[in-house]
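Sequential numbering of the sequence shown, starting at 1, is according to our numbering.
What the hints contain is simulated information worked out from the structure, not anything from laboratory work. One thing to keep in mind: the hints can contain errors.
[Unchecked claim] Heads up, simulated BS3-like pairs for lysine-lysine below, C-alpha to C-alpha not over 30 angstroms straight-line:
{"id": "1", "residue 1": "K232", "residue 2": "K135"}
{"id": "2", "residue 1": "K102", "residue 2": "K4"}
{"id": "3", "residue 1": "K215", "residue 2": "K4"}
{"id": "4", "residue 1": "K135", "residue 2": "K52"}
[Said to hold, decoys possible] Restraint-style ranges between C-beta atoms, simulated for each label pair:
{"id": "5", "residue 1": "S159", "residue 2": "N51", "range": "41 to 49 angstroms"}
{"id": "6", "residue 1": "E168", "residue 2": "I189", "range": "34 to 42 angstroms"}
{"id": "7", "residue 1": "K102", "residue 2": "V32", "range": "45 to 53 angstroms"}
{"id": "8", "residue 1": "Y7", "residue 2": "S159", "range": "47 to 55 angstroms"}
Even for Gly, the Cβ is constructed at its ideal location relative to N, Cα and C.
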Amino acid sequence: MLYKISYAFSLLPLRLLYLISDVCYYLLYYVVKYRRKTVSENIKNSFTSLNKKERLIIEKKFYRNFCDNFIETLKLLSISKEELHSRISVDYSELINIISQKKNCHVYLGHQFNWEWANLHISSVLEDNVIVAYKPIKNKKFNSLMKQMRSRFGSKLVSSKKLKREIEKFKDNPHVLVLVADQTPKISIKSFWTNFLNQKTAFLSGAELYTASNKTTSFFANIIRLDRGYYKFVITPLFDFSEQYQVGLITQFYAKKLEESIYKNPENYLWSHRRWKRKYKDEYKRRWIGNLS
Numbered sequence: 001m002l003y004k005i006s007y008a009f010s011l012l013p014l015r016l017l018y019l020i021s022d023v024c025y026y027l028l029y030y031v032v033k034y035r036r037k038t039v040s041e042n043i044k045n046s047f048t049s050l051n052k053k054e055r056l057i058i059e060k061k062f063y064r065n066f067c068d069n070f071i072e073t074l075k076l077l078s079i080s081k082e083e084l085h086s087r088i089s090v091d092y093s094e095l096i097n098i099i100s101q102k103k104n105c106h107v108y109l110g111h112q113f114n115w116e117w118a119n120l121h122i123s124s125v126l127e128d129n130v131i132v133a134y135k136p137i138k139n140k141k142f143n144s145l146m147k148q149m150r151s152r153f154g155s156k157l158v159s160s161k162k163l164k165r166e167i168e169k170f171k172d173n174p175h176v177l178v179l180v181a182d183q184t185p186k187i188s189i190k191s192f193w194t195n196f197l198n199q200k201t202a203f204l205s206g207a208e209l210y211t212a213s214n215k216t217t218s219f220f221a222n223i224i225r226l227d228r229g230y231y232k233f234v235i236t237p238l239f240d241f242s243e244q245y246q247v248g249l250i251t252q253f254y255a256k257k258l259e260e261s262i263y264k265n266p267e268n269y270l271w272s273h274r275r276w277k278r279k280y281k282d283e284y285k286r287r288w289i290g291n292l293s
């Protein structure tokens, strides 16, 4: 029933869905006040040089994009490849070149709108050569709905909690592994720590350690929102192991690139996420990976 209702909703044209998004924005921001305190604090701590008025502009733009993101994600249940391709510009040539050499590569994303479109778009082009690591949703019905949505164009899904085990069955096929790597780690003492958006921030260590264990070439995908329903993805190298590797280096490169992209388009980041709910302690010193100059 959930799928049928969601699918029927997704059949509406985007221009109508955006009108619904406008209503949702008003209700979410002014009436429900969904996570207003969290969003405000995150933006304030990340943009210390901005005044209250400037931060408020980012905050309101974020909520508009947040509602659009939800609407656009539902649209993925029925959107055609042709329409998706008409709304996104990207150059996958470097990834295609690596796949053609029978090698794997990893693409690191952040929670930039619309990361779900990015996941589906890459599989619509590279088809069964794409594996997407996802964080399972506790609600089984919603989890099933999201899995159907994310695998529509052939991508294989692996749980981020069981990444090493679940990806084993794909090891003999050249693939692109897509990782949204800015989740808040559950175990702080096992996380990498570095400065990110003016705050000591924990990053998942498992993503990098898996990339490093196989010496896999890695990239960062910056998602740029051009207009409602139109995006540009810019894929740039992170690390290819042609130089000496040290633990934490990939995460440093990733954090720096993501931070730069957020400063350029701050309203396009998921500020409602409780990204900094875990605070740095002196006992995490050995997990501090430093900062790039």
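Hint check:
no. : hint                            : result
1   : K232 - K135                     : holds, 24 angstroms
2   : K102 - K4                       : violated, 39 angstroms
3   : K215 - K4                       : violated, 43 angstroms
4   : K135 - K52                      : violated, 34 angstroms
5   : S159 - N51: 41 to 49 angstroms  : holds, 43 angstroms
6   : E168 - I189: 34 to 42 angstroms : violated, 27 angstroms
7   : K102 - V32: 45 to 53 angstroms  : holds, 51 angstroms
8   : Y7 - S159: 47 to 55 angstroms   : violated, 24 angstroms
In this structure, the hints that do not hold are numbers 2, 3, 4, 6 and 8, in rising order.
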